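So the chains spell out like this:
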Amino acid sequence: DQQVKQNSPSLSVQEGRISILNCDYTNSMFDYFLWYKKYPAEGPTFLISISSIKDKNEDGRFTVFLNKSAKHLSLHIVPSQPGDSAVYFCAARDNYGQNFVFGPGTRLSVLP
Amino acid sequence: EAQVTQNPRYLITVTGKKLTVTCSQNMNHEYMSWYRQDPGLGLRQIYYSMNVEVTDKGDVPEGYKVSRKEKRNFPLILESPSPNQTSLYFCASSSVTVSYEQYFGPGTRLTVT
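Protein chains in written order, with my numbering: chain A, 423 to 534; chain B, 2 to 114.
It is worth saying that the hints were derived from the structure and are not from the lab.
Check before you lean on any hint, since a few could be wrong.
Within a straight-line C-alpha distance of at most 35 Å, the following computed DSBU-like cross-link-like pairs (lysine-lysine) qualify [stated by the list, open to error]:
#  : chain 1 : residue 1 : chain 2 : residue 2
1  : B       : Lys58     : B       : Lys18
2  : B       : Lys18     : B       : Lys66
3  : B       : Lys72     : B       : Lys19
4  : A       : Lys459    : A       : Lys427
5  : B       : Lys72     : B       : Lys18
6  : B       : Lys72     : A       : Lys459
7  : A       : Lys478    : B       : Lys58
8  : A       : Lys490    : B       : Lys58
9  : A       : Lys478    : B       : Lys66
10 : A       : Lys493    : B       : Lys58
11 : A       : Lys490    : A       : Lys459
12 : A       : Lys427    : A       : Lys490
13 : A       : Lys427    : A       : Lys478
14 : B       : Lys66     : A       : Lys493
15 : A       : Lys478    : B       : Lys19
16 : B       : Lys19     : A       : Lys476
17 : A       : Lys490    : B       : Lys18
18 : A       : Lys478    : A       : Lys459
19 : B       : Lys58     : A       : Lys427
20 : A       : Lys427    : A       : Lys493
21 : A       : Lys427    : A       : Lys476
22 : A       : Lys459    : B       : Lys70
23 : A       : Lys459    : A       : Lys493
24 : B       : Lys19     : B       : Lys70
25 : B       : Lys19     : A       : Lys490
26 : A       : Lys493    : A       : Lys478
27 : B       : Lys58     : A       : Lys476
28 : B       : Lys66     : A       : Lys427
29 : A       : Lys427    : B       : Lys72
Keep in mind that this is a model prediction, so the values were computed, not measured.
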């Protein structure tokens with residue numbers, strides 16, 4: 423059973439609009455969450471992260487929100503640009519085991 | 002340039018023939034890890050290492066071995082590869098004192114026939 427879920431396999435957004443990518447988790451031992459972006463034929467690259475003691479973290483056009491009671495986090499990209507088109511992975515760190523669990527990814531397409 | 006390198010990038014092999022995928026990082030990171038990426042499943046952690054001579058199983062360790070004799074290297078060993086190990090493999094590293102963000106290598110596409 424997947425501990426980190428990204429229920430939308432794909433998402434299309436118009437350039438300049440907001441992109442919202444969602445992630446749900448089940449394990450209460452997760453204490454740190456990260457978003458990675460992946461282009462074809464490349465390794466994932468780190469985008470933004472958030473500690474479980476916070477509910478929001480911003481970095482330029484990217485904002486991550488964490489709702490611990492709902493075990494839900496989301497990544498907002500505003501404004502979306504065509505270069506943001508990629509697969510986005512949500513990841514969580516297990517504080518008990520020090521390992522990382524990734525979601526299946528969401529493919530974002532930003533249309534010009 | 003800070004980077005994680007993997008070799009080979011592409012490998013086609015036959016069932017049962019032992020192989021090693023190398024991984025090296027030049028950032029003096031303590032934490033290193035191996036993942037496999039399969040369609041619909043995202044990245045699944047195979048093994049990780051918190052430091053030299055310290056390794057631990059991830060979510061899918063069966064059929065794999067690792068070693069961490071030096072801080073910069075973390076090879077992945079498949080003693081007897083099987084077709085279900087056909088996948089895209091990524092090595093990653095991170096500092097445990099700065100943040101948990103991991104730097105990933107470019108990937109190794111392995112096909113076992």
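Going through the hints against the structure:
1. Between Lys58/B and Lys18/B the alpha-carbon distance is near 23 Å, which keeps this suggested pair within the 35 Å criterion.
2. Of the supplied pair hints, the one linking Lys18/B and Lys66/B holds, its CA atoms being roughly 14 Å apart against a limit of 35 Å.
3. For the suggested pair Lys72/B and Lys19/B, the alpha carbons sit about 24 Å apart, so the restraint of at most 35 Å is met.
4. The straight-line distance between the Cα atoms of Lys459/A and Lys427/A is roughly 16 Å, inside the 35 Å bound, and the hint therefore holds.
5. Note on Lys72/B and Lys18/B: the hinted pairing holds, with a Cα-Cα distance of about 27 Å set against a maximum of 35 Å.
6. Between Lys72/B and Lys459/A the alpha-carbon distance is near 26 Å, which keeps this suggested pair within the 35 Å criterion.
7. Between Lys478/A and Lys58/B, the direct Cα distance comes to roughly 31 Å. Compliance with the 35 Å bound is thereby established for this hinted pair.
8. For the proposed pair Lys490/A and Lys58/B, the alpha carbon gap of about 27 Å is at most 35 Å, so the pair holds.
9. Proposed proximity of Lys478/A and Lys66/B is contradicted: the alpha carbons are some 38 Å apart, above 35 Å.
10. The suggested pairing of Lys493/A with Lys58/B holds, with an alpha-carbon distance near 25 Å, which does not exceed 35 Å.
11. Between Lys490/A and Lys459/A the alpha-carbon distance is near 23 Å, which keeps this suggested pair within the 35 Å criterion.
12. Under the criterion of a C-alpha separation no larger than 35 Å, the hint pairing Lys427/A with Lys490/A is consistent with the structure, at around 15 Å.
13. Proposed proximity of Lys427/A and Lys478/A is supported: the alpha carbons are some 20 Å apart, at most 35 Å.
14. With a C-alpha separation of about 33 Å, the suggested pair Lys66/B and Lys493/A falls inside the 35 Å cut-off, and the hint holds.
15. Note on Lys478/A and Lys19/B: the hinted pairing is violated, with a Cα-Cα distance of about 47 Å set against a maximum of 35 Å.
16. Distance check on the hinted pair: Lys19/B and Lys476/A sit about 46 Å apart at the alpha-carbon level, beyond 35 Å; violated.
17. The hinted pair formed by Lys490/A and Lys18/B fails the criterion: a straight-line CA distance of about 46 Å is larger than 35 Å.
18. A threshold of 35 Å between alpha carbons decides the hint, and for Lys478/A with Lys459/A the separation of about 19 Å falls inside it, so the pair holds.
19. A hinted pair counts as satisfied when its Cα atoms are at most 35 Å apart, and Lys58/B with Lys427/A qualifies at roughly 21 Å.
20. Note on Lys427/A and Lys493/A: the hinted pairing holds, with a Cα-Cα distance of about 11 Å set against a maximum of 35 Å.
21. For the suggested pair Lys427/A and Lys476/A, the alpha carbons sit about 20 Å apart, so the restraint of at most 35 Å is met.
22. Among the hinted pairs, Lys459/A with Lys70/B is consistent with the structure: their alpha-carbon atoms are about 31 Å apart, no more than 35 Å.
23. Note on Lys459/A and Lys493/A: the hinted pairing holds, with a Cα-Cα distance of about 21 Å set against a maximum of 35 Å.
24. Only pairs whose Cα atoms come within 35 Å are accepted, and Lys19/B paired with Lys70/B is accepted, the gap being roughly 20 Å.
25. Distance restraint check for Lys19/B and Lys490/A: the Cα-Cα separation of roughly 44 Å exceeds the 35 Å cut-off, and the hinted pair is therefore not satisfied.
26. Restraint check for Lys493/A and Lys478/A: the C-alpha separation of about 14 Å stays at or below 35 Å, so the hint holds.
27. Under the criterion of a C-alpha separation no larger than 35 Å, the hint pairing Lys58/B with Lys476/A is consistent with the structure, at around 29 Å.
28. Simply put, Lys66/B and Lys427/A have alpha-carbon atoms about 28 Å apart, close enough for the 35 Å limit, and the pair holds.
29. At roughly 33 Å between alpha-carbon atoms, Lys427/A and Lys72/B fall within 35 Å of each other, so this suggested pair holds.
In summary, the numbered hints that this structure violates are 9, 15, 16, 17 and 25.
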